[in-house]
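Chemist: Generate the whole structure from the sequences, applying the supplied hints.
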Amino acid sequence: MKILKIFLLIVISLFLVILITIGGVYYYYIGRHPADNKKYPHYIGYLDPETTVSKDGFTLCEEKKPKYTHHGAPKRAYRINKKEFDKNIKSKYQNNGYTDYGYLNFRFIINCTGETGMFETIQMNMDMQEKQLQPEMVKHLFELTSAFENWNIIKYKEEPVDYYMYVSYKIENGEITEILP
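So this note's numbering is basically just the index in the sequence shown, starting at one, shifted up by 18.
Hint data in this document are derived by calculation from the structure and do not stem from the laboratory. If you're wondering where the values come from, they're calculated on a predicted model, not measured in any experiment. Incorrect hints may appear among the rest.
In silico DMTMM-like links for lysine to aspartate or glutamate, alpha-carbon gap of 20 Å or less [unchecked claim]:
#	residue 1	residue 2
1	Lys173	Glu133
2	Lys188	Asp104
3	Lys149	Glu177
4	Lys173	Glu81
5	Lys157	Asp104
6	Lys105	Glu161
7	Lys110	Glu161
8	Lys100	Glu193
9	Lys188	Asp145
10	Lys149	Glu193
11	Lys157	Glu190
12	Lys83	Glu176
13	Lys157	Glu167
14	Lys108	Asp145
15	Lys83	Glu177
16	Lys108	Asp74
17	Lys73	Asp145
18	Lys188	Glu154
19	Lys93	Asp104
20	Lys110	Glu167
21	Lys149	Glu190
22	Lys157	Asp74
23	Lys82	Glu133
24	Lys73	Glu161
25	Lys82	Glu167
26	Lys82	Glu176
Modeler: Structural data, given as structure tokens:
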């Protein structure tokens, strides 16, 4: 009886291993949904170098896509930490009579040498509707955000890499009330 139980356990285990292997092969070659590369040629978080703003001389270090494209690299990206980043930005920001309300979002790449570039700017009102904010304020926050002193060089497998980052400013009456993430 004991030998029969062991034999059945081995047969069931082999059956499950074969079933899982067949399922994996089926999924890999047939079952998964195909990506429409003609309609969607780029990865999530892609920043088009033709439509973004960069400082002169900014280049990516790798031809591969930057790391952390889905959520950015918030905790490791800040030179010291997020609290110091907030403090630095708020101490250098000058409200020169700005009265805007809304959100100013910057999406960008930090290359392997710590330089920022390929900025995409999204400006919205408090209801998340697209709205142009005062250009001088946007330029001022762009200059503060893009400063080299704010960002770390991040390594992946001991090699410095390009990585994706985003910063959102909540603006009320021209003042920064919150910096996200």
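Chemist: Now tell me, hint by hint, if it's right for this structure.
Modeler: Tested hints:
1. Lys173 / Glu133: 14 Å, holds
2. Lys188 / Asp104: Within the cut-off at roughly 12 Å; holds.
3. Lys149 / Glu177: Violated - the C-alpha atoms of Glu177 and Lys149 are around 40 Å apart, more than 20 Å.
4. Lys173 / Glu81: Holds, at roughly 16 Å.
5. Lys157 / Asp104: 18 Å, holds
6. Lys105 / Glu161: Within the cut-off at roughly 16 Å; holds.
7. Lys110 / Glu161: With a Cα-Cα distance of about 10 Å, the restraint between Lys110 and Glu161 holds, given a limit of 20 Å.
8. Lys100 / Glu193: OK: Lys100 and Glu193 at ~19 Å, within 20 Å.
9. Lys188 / Asp145: Status holds; Cα separation ~12 Å.
10. Lys149 / Glu193: 17 Å, holds
11. Lys157 / Glu190: 17 Å, holds
12. Lys83 / Glu176: 17 Å, holds
13. Lys157 / Glu167: 18 Å, holds
14. Lys108 / Asp145: Outside the cut-off at roughly 24 Å; violated.
15. Lys83 / Glu177: The given pair, whose Cα atoms are some 15 Å apart, holds under the 20 Å limit.
16. Lys108 / Asp74: Violated, at about 26 Å.
17. Lys73 / Asp145: Violated, at roughly 31 Å.
18. Lys188 / Glu154: Roughly 16 Å separates the two Cα atoms, so the pair holds.
19. Lys93 / Asp104: 13 Å, holds
20. Lys110 / Glu167: Given that 20 Å is the threshold and the Cα spacing comes to 13 Å, the pair holds.
21. Lys149 / Glu190: 14 Å, holds
22. Lys157 / Asp74: 16 Å, holds
23. Lys82 / Glu133: 17 Å, holds
24. Lys73 / Glu161: OK: Lys73 and Glu161 at ~10 Å, within 20 Å.
25. Lys82 / Glu167: Distance ~25 Å between Lys82 and Glu167 Cα, so the pair is violated.
26. Lys82 / Glu176: 17 Å, holds
Taken one by one, the earlier hints fail for this structure at numbers 3, 14, 16, 17 and 25, listed in ascending order.
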